[in-house]
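Counting from 9, one number per residue, gives the positions in the sequence shown under this note's numbering.
If you're looking for bench data, these hints aren't it; they were derived computationally from the structure.
There may be inaccurate statements among the hints.
[Unchecked claim] If you anchor each label on the Cβ, the simulated ranges turn out as follows:
| id | residue 1 | residue 2 | range |
| --- | --- | --- | --- |
| 1 | Glu70 | Asp28 | 28 to 36 angstroms |
| 2 | Glu70 | Arg37 | 13 to 21 angstroms |
| 3 | Gly83 | Gly51 | 28 to 36 angstroms |
| 4 | Gly51 | Val71 | 17 to 25 angstroms |
| 5 | Asn68 | Asp28 | 25 to 33 angstroms |
| 6 | Asn68 | Ile27 | 29 to 37 angstroms |
| 7 | Arg50 | Ser103 | 29 to 37 angstroms |
| 8 | Arg50 | Val71 | 20 to 28 angstroms |
| 9 | Gln43 | Asn82 | 12 to 20 angstroms |
| 10 | Asp73 | Ala38 | 17 to 25 angstroms |
| 11 | Leu31 | Arg53 | 13 to 21 angstroms |
| 12 | Gly91 | Phe24 | 13 to 21 angstroms |
[Stated by the list, open to error] No more than 16 angstroms apart at the CA atoms, straight line, and that leaves these computed lysine to aspartate or glutamate pairs for EDC-like:
| id | residue 1 | residue 2 |
| --- | --- | --- |
| 13 | Lys67 | Glu13 |
| 14 | Lys67 | Asp36 |
| 15 | Lys67 | Glu87 |
| 16 | Lys79 | Glu30 |
| 17 | Lys79 | Asp36 |
Using N, Cα and C, we set each Cβ at its ideal position, and we do this for glycine too.
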Amino acid sequence: MENVERNLEIPNGSPFLPIDDELMLVRDRAGTTYQFRASERRGGRRSLTLDWHAFAVAKNLEVGDAMRIYKLGNGNEYEVQVGTKLFGPHIGWLSL
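Use the sequences and the hints to build the structure in full.
Okay, structure coming up:
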């Protein structure tokens, strides 16, 4: 899938994301675990790397999709939700 990037740039100051290169475990509804890392890039920008691309392809994500990341408890496990669309606009959120 050519329209999904190898990593996902995330906004600076995103709450609840690891500050360092801590491993993030993202589990989908089927029980598959993906490993993301919030790596710092040039200029202080951060992006999700490691299994991000495999996750995006498996979930049919496209450039422009809205996404939320939730930290579960005090560990390094996270849940990802993607905005659902109906003829263009986002109408809700779906756990993957």
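Evaluated hints:
| no. | hint | result |
| --- | --- | --- |
| 1 | Glu70 <-> Asp28: 28 to 36 angstroms | holds (30 angstroms) |
| 2 | Glu70 <-> Arg37: 13 to 21 angstroms | holds (19 angstroms) |
| 3 | Gly83 <-> Gly51: 28 to 36 angstroms | holds (30 angstroms) |
| 4 | Gly51 <-> Val71: 17 to 25 angstroms | holds (21 angstroms) |
| 5 | Asn68 <-> Asp28: 25 to 33 angstroms | holds (31 angstroms) |
| 6 | Asn68 <-> Ile27: 29 to 37 angstroms | holds (31 angstroms) |
| 7 | Arg50 <-> Ser103: 29 to 37 angstroms | holds (33 angstroms) |
| 8 | Arg50 <-> Val71: 20 to 28 angstroms | holds (21 angstroms) |
| 9 | Gln43 <-> Asn82: 12 to 20 angstroms | holds (19 angstroms) |
| 10 | Asp73 <-> Ala38: 17 to 25 angstroms | holds (19 angstroms) |
| 11 | Leu31 <-> Arg53: 13 to 21 angstroms | holds (19 angstroms) |
| 12 | Gly91 <-> Phe24: 13 to 21 angstroms | holds (19 angstroms) |
| 13 | Lys67 <-> Glu13 | holds (13 angstroms) |
| 14 | Lys67 <-> Asp36 | holds (10 angstroms) |
| 15 | Lys67 <-> Glu87 | holds (13 angstroms) |
| 16 | Lys79 <-> Glu30 | holds (13 angstroms) |
| 17 | Lys79 <-> Asp36 | holds (13 angstroms) |
When the structure is compared with the earlier hints, no violation turns up for any of them.
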